[in-house]
Amino acid sequence: MYSNRSVSTQKRTCPLLSVQPVRGLLDEKFQIAVTNLPPNQKVTLHSLHQSDDKDFWEAFGHYVSDEHGSVTGFKDESLGGTYDGTEPMGLLWSMRPIPGKKCDVVRISVYSGHLSQGFSQQTPLATSVTERWYVAPGVKRVNIREKEIRGTLFLPPGSGPYPGVLDLWGVGGDFVEYRSALLASHGFASMALEYLTPEDLSLEDTDASYFEKAYQILNNHPMVKKDHLAVLGLSLGSAITLSMASYSKVIKPQCCVCISGSHLMPVEKSLSELFELMKSHADKLCVNEDNQVILRNLILSLPCQSTKVDVGRIKCPLLLVNGDDDQTLPAVESAEDMAMMMEKAGNRHLLEILMYPDAGHLIEPPYSPHFRATNYKLEWTKEKIVMLWGGQTKPHAYAQEDAWKKILAFLWQHLSAPVSTVTSF
Amino acid sequence: MALLWTVSTEVGTCPLLSVQPSRAQVDEKVQIVVMNLLPNQKVTLHSLHQSEDKDFWEAFGHYISDEYGTVTVAKDESLGGTYEGTEQMGLLWSMRPIPGSRPGLRLRKMNILTPIVIHISVYGGHLSQGFSQQTPLATSVTERWYVAPGVQRVNIRENGVRGTLFLPPGPGLYPGVLDLWGGGGGLVEYRSGLLASHGFASMALEYLGPEDLRTADVDVSYFEKAYQILQNHPKVQRDRMAMLGLSFGSAVTLSMAAYSKVIKPQCCVCISGSHVFPVDKSLFEVFEGMKKYIGRVQVNEENQVIHRNIILPIPSDPALKVDVGRIKCPLLLVNAGDDQNWASVESAEDMEMMMEKAGNRDLLTVLTYPGAGHLIEPPYSPHFRASNFILQGVKEKIVMLWGGQTKPHAYAQEDSWEKILAFLRKHLYFSSNFAVKAKL
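Chains A and B supply the protein sequences, listed in that same order.
Count the first sequence with the UniProt record's numbering and you get residues 1 to 425, in order.
Count the second sequence with the UniProt record's numbering and you get residues 1 to 440, in order.
Careful, some of the hints might be misleading.
As the list claims (entries may be wrong) - In silico DSS-like pairs for lysine-lysine, Cα to Cα no more than 30 Å straight-line:
| hint | chain 1 | residue 1 | chain 2 | residue 2 |
| --- | --- | --- | --- | --- |
| 1 | B | Lys264 | B | Lys281 |
| 2 | B | Lys29 | A | Lys140 |
| 3 | A | Lys29 | A | Lys406 |
| 4 | A | Lys405 | B | Lys75 |
| 5 | B | Lys235 | A | Lys42 |
| 6 | B | Lys407 | B | Lys109 |
| 7 | B | Lys281 | A | Lys29 |
| 8 | A | Lys405 | B | Lys29 |
What the hints assert, rightly or not - Using C-beta positions, here's what the derived DEER-type ranges look like:
| hint | chain 1 | residue 1 | chain 2 | residue 2 | range |
| --- | --- | --- | --- | --- | --- |
| 9 | B | Lys419 | A | Lys252 | 53 to 63 Å |
| 10 | B | Gln88 | A | Lys29 | 16 to 26 Å |
| 11 | B | Val117 | A | Lys377 | 37 to 47 Å |
| 12 | A | Asn143 | B | Arg108 | 31 to 41 Å |
Bear in mind the hints are in silico, worked out from the structure with no lab data behind them.
Since the model is a prediction, treat every value here as computed from it, not as a measurement.
From the three backbone atoms N, C-alpha and C, an ideal C-beta is built for every residue, glycine too.
Sequences and hints are given; from them, build the entire structure.
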């Protein structure tokens with residue numbers, strides 16, 4: 001179809017860079033294709049994102065166009081960069097902060113040659129802009145401020161009622177909504193519960209009754225299908241989930257998902273008591289040569305034989321999602337111990353464990369970049385440290401993508417009549 | 001992943017309706033799948049849209065779920081509704097105004113910086129009406145956009161020329177497309193927005209209708225100025241230009257391509273147009289010339305105006321036709337077999353003869369779509385056989401018959417758009433020489 005190419009010193013029209021879809025959900029794949037390059041040309045595919053904090057993040061891969069002058073993201077191999085091999089989503093999950101120098105808008109560009117830096121000083125051959133949305137169209141965001149319970153409820157479009165998810169983030173400072181927003185985009189009425197940051201909520205008051213009230217608010221909501229609820233937690237949120245599922249007379253979900261959690265953290269009383277306990281064991285906090293804090297050992301040192309959550313009492317299906325390079329919580333050891341406890345108690349059949357080699361602690365929805373360690377403020381001392389989460393970038397990216405699919409399928413399986421995996425089209 | 005089945009006696013427990021992608025470009029297909037129904041359950045898939053004029057448009061299809069309780073629109077057959085058979089996009093292109101709407105409506109989006117929002121729902125049973133009184137089993141909202149993120153919209157008000165330029169994101173340079181609509185007039189941006197989303201710097205030109213632009217002032221030099229504004233833009237590749245016209249815009253395109261010393265595009269696309277009544281004087285004079293043949297315009301029993309005969313029979317007098325033998329660039333004609341507004345098919349036959357005689361027949365490609373109507377637009381927009389129209393100059397409100405049947409018209413829009421984009425890419429992106437001869 002194409003005419004013979006003559007080498008032209010005349011300026012030609014630019015290569016065509018296509019990113020499909022240009023508006024995607026955070027957990028959707030995209031297809032990147034470049035055409036109209038000269039054959040066998042070295043080019044660099046580059047992604048750029050400016051976060052809410054105004055930091056710039058980027059990723060890049062080195063490619064060589066084929067004999068038709070094309071580069072196809074899902075078929076061709078990156079020969080180097082922040083990712084290599086055939087990685088259709090590498091331009092997102094391998095992003096890292098630009099040294100020295102959030103809907104998220106990502107600019108995908110193609111540069112001539114194989115560059116590894118100085119992208120901002122070069123003019124790209126072509127640029128495409130893609131939006132990555134936390135919410136599908138029609139999803140409604142509702143502020144929850146009922147007495148002392150604070151959170152954000154995301155509702156799918158339509159009149160419902162919908163299965164509900166109580167979404168508990170972990171420690172991390174800011175209140176995080178986007179996982180609930182994505183869950184609502186997949187048909188769940190999901191409430192992201194605020195339990196750590198608000199000024200008017202003291203840690204003494206954040207006890208079991210706080211979470212029970214939150215659960216009831218969700219269960220009683222007119223757009224939520226009563227008693228079709230799940231609790232989903234990450235990190236500390238997982239510890240809370242396990243505790244509630246085991247002991248609460250009010251919280252009786254159809255299923256639970258615990259990401260990177262541990263049953264060794266007693267959260268039955270108030271959070272302030274947990275944090276007092278952590279403070280008192282501060283001497284067990286390890287710090288590596290890079291001055292990064294490894295929290296897992298502190299947790300392992302807690303006197304837990306009497307205080308660990310009695311998971312033998314859990315009556316609903318439980319999915320554990322762990323990375324085996326988790327440096328923050330001893331998720332893998334906890335999971336093994338939980339399996340033993342449940343075997344003894346006779347409810348082992350309720351337990352499913354997903355373990356991802358070389359993934360770190362923060363297993364989040366897919367395609368968000370991986371960070372092995374970040375700046376952090378310890379809740380119980382307000383000290384500023386660098387927390388080591390663990391994991392290697394590529395296996396962590398794989399874990400996020402695979403875990404999310406399985407979490408969605410697990411939630412659908414237990415909250416409505418069973419279906420095959422949600423993302424199978 | 002293993003499937004676990006439990007028999008549920010509850011009717012349609014939480015059916016899962018998925019519309020992918022949830023935010024799409026207007027010319028992109030969507031996958032609509034319903035899961036978690038009962039096996040062999042009768043359901044109706046329904047689409048609803050509220051236009052900018054506040055009218056409601058809807059479409060629906062009757063389906064039966066398979067033994068797994070799944071309906072896949074792209075694979076399964078609609079047994080009835082506003083469309084039948086296996087039609088992946090039927091819920092979009094078969095939309096029509098809901099019962100009780102005002103007559104003669106045409107669906108167009110004028111503000112393209114916001115998306116078209118469509119509610120897709122699945123209802124229990126086979127319904128054909130009363131959707132608003134029923135509660136659906138599930139609903140999904142999908143957006144359809146004419147512009148991709150990063151596309152820039154630039155107002156053009158230069159030298160008397162009025163239009164809107166859409167630029168793709170990035171440094172360029174981009175091929176330029178001068179985009180001309182027809183006798184309905186006004187400034188219609190959506191096709192240019194879409195072209196920019198495909199990598200073309202496209203300028204929608206206003207040349208009919210606004211108060212301060214009189215037809216006496218719109219002549220060849222108006223179009224030449226517009227072309228040059230586009231060509232001279234710093235992000236436009238000056239030797240990669242095209243003209244794209246619909247209806248009367250095609251007449252302008254053919255005239256410019258044949259006669260103008262300024263407008264020398266690399267290729268042209270003419271949709272539902274004709275070479276009769278050359279635009280070589282002011283529009284005022286062209287319309288005066290057309291008035292002589294007004295007696296040929298008919299009105300049918302439904303009071304709809306049939307305009308096509310105004311140029312029939314195709315004149316043999318060369319002064320009444322654009323001398324298409326002079327055209328030097330590849331030319332793509334897109335015509336509708338049931339065009340009731342312009343005799344575009346007959347015109348194309350005559351143009352082919354003229355070009356054969358002149359020796360430039362190899363530049364011509366003609367696509368004719370049986371059963372399609374005059375208004376061949378970007379895909380998946382609804383078809384209407386006739387709609388309200390305001391006649392130029394006379395300011396008279398009539399109902400214009402465009403022609404076509406819904407399903408073949410939808411096919412024509414989908415197929416022609418793909419071919420138009422391929423044609424533009426071939427001549428504006430992938431060719432490396434100036435004077436390239438076309439062989440589609």
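Agreement of Lys29(A) and Lys406(A) with the hint, judged by alpha carbon distance not exceeding 30 Å: At roughly 16 Å apart (the allowed maximum being 30 Å), Lys406(A) and Lys29(A) satisfy the hint.
Taking 30 Å as the top limit, are the C-alpha atoms of Lys405(A) and Lys75(B) close enough? Given that 30 Å is the threshold and the Cα spacing comes to 24 Å, the pair holds.
Going straight from one Cα to the other, do Lys235(B) and Lys42(A) come out at no more than 30 Å? holds, 24 Å
Could you see if the CB distance from Val117(B) to Lys377(A) stays within 37 to 47 Å? holds, 41 Å
Given a hinted range of 31 to 41 Å, is it respected by the beta-carbon distance of Asn143(A) and Arg108(B)? holds, 37 Å
30 Å limit on alpha-carbon distance, applied to hinted pair Lys264(B) and Lys281(B): holds, 19 Å
Checking one constraint from the list: CA of Lys281(B) to CA of Lys29(A), max 30 Å. Satisfied? violated, 53 Å
Measuring from beta carbon to beta carbon, are Gln88(B) and Lys29(A) in 16 to 26 Å? holds, 20 Å
Indicate whether the distance between the beta carbons of Lys419(B) and Lys252(A) respects the range 53 to 63 Å. This hint holds: roughly 60 Å between Cβ atoms.
Checking one constraint from the list: CA of Lys405(A) to CA of Lys29(B), max 30 Å. Satisfied? holds, 24 Å
For a C-alpha distance cap of 30 Å, please report whether Lys407(B) and Lys109(B) respect it. OK: Lys407(B) and Lys109(B) at ~22 Å, within 30 Å.
Below or equal to 30 Å on CA atoms is what counts here, so check Lys29(B) against Lys140(A). holds, 25 Å
Going through the hint list in order, the structure does not satisfy hint 7, though it satisfies all others.
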